[in-house]
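**Student:** Sequence:
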Amino acid sequence: NDILDTATTLQIRDAITIIERDVRKLLGITLKRAAKHKNTIMVGRTHGQHAVPTTLGLKFAIWACELARHIERLEQLKPRILVGKMSGAVGTGAAWGGKGLQIQEFVMKDLKLSSAFASNQILQRDRFAELISFLGLLASTIDKIANEVRNLQRTEIGEVEEPFGARQVGSSTMPQKRNPIRCEKICGLARILRANVQAALENITIEHERDLTNSSCERVLLPECFLLTDEILRTARNVLEGLVVRPERMERNLQMTRGLNMAEAVMIELTKRGMNRQVAHSVLRNCSMTAIRKNLSLKEALLQEPKVKKYLSEKDIDALTNPKRYLGSAVATVERVVRELKPIQRK
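Going by this note's numbering, the sequence shown opens with residue 263, and the numbers climb by one from there.
Heads up, none of these hints are tricks.
Heads up, simulated EDC-like pairs for lysine to aspartate or glutamate below, C-alpha to C-alpha not over 20 Å straight-line:
no., residue 1, residue 2
1, LYS406, ASP284
2, LYS586, GLU510
3, LYS604, ASP284
Quick list of the computed label-pair ranges, beta carbon to beta carbon:
no., residue 1, residue 2, range
4, PRO425, LYS569, 42 to 52 Å
5, TRP358, ARG283, 29 to 39 Å
6, ARG496, GLN566, 52 to 62 Å
7, GLU486, ARG283, 13 to 23 Å
8, THR467, ILE365, 27 to 37 Å
9, GLU576, ASN413, 35 to 45 Å
10, GLN338, GLU576, 53 to 63 Å
11, ARG331, GLN386, 22 to 32 Å
12, ARG496, ARG440, 18 to 28 Å
13, GLN540, MET436, 46 to 56 Å
14, LEU474, ASN413, 39 to 49 Å
15, GLN338, THR475, 22 to 32 Å
16, MET518, GLN430, 21 to 31 Å
No lab work stands behind these hints: they were computed from the structure. Keep in mind that this is a model prediction, so the values were computed, not measured. C-beta: ideal position from N, C-alpha, C; glycine also.
Hey, can you work out the whole structure from these sequences and the hints?
**Tutor:** This is the structure we're talking about:
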């Protein structure tokens, strides 16, 4: 295992070099999309329901930040993972005649690996468990991105769409189908990776100085995890590079609730103009429920409410129910993310 574990570490070094390269490429794509769509307004959703306006660029900026944190995690992992050993059958290095530490240091320096401070017959598997946990985290982030694309591609929403080839067939029996199969593949493979984290954690436990329980598992676990991660990253790049964005559907969906998604903006303005905060909330709730019940726009419901008319004119209400005027610092946030993360992506 002096040879096997150290050789495995060398393979891991090559593998994480590829993974890091692909994550940086994916980060670059998300930053480019964030900048392009920083002003692309869409409805935000919480609990699956329309909330207040946001931008597509902000979604990409959030994803970019998460990918950047994974790059940071990988850099922090390397000193703990890229470690080798030459300590013999139980870790004493007895066969080296008292020169075990010097020999190990010499060999690891030549291999450009760190030298394990202490080991038995194997490198301790907390190192590999941390690595697989990292891959599980990375896969889960991309799973989240793919799941969002899948949901936004639903027929009823239709705001984005993964690439669909000119000759691609969506269904063997329903010719009209344009299924998000790439995103679905990402989500499915991520489930396997997360399940593999459990196996990596189980491998930490060995008996005494060595047994084979980890070995049989790792012959499947390590190559599979890296192959799955690589496929997830490559597929995600394909999806995000070719993503079709439909601003007209975003605009339609913004208008679907006829201004109800701007209730917060009106409530905040009423508070600024002197109405008690809780009273303002109650007034907007009642107006919103009235609008839903009577199939009115929020504006129409507000104009029927004397408590609102005391503070706001029709012109005020028109301005307050304009989604373009209720984006807060969304654009500035995207610009900051792009500015701060570009150096990380280019390394």
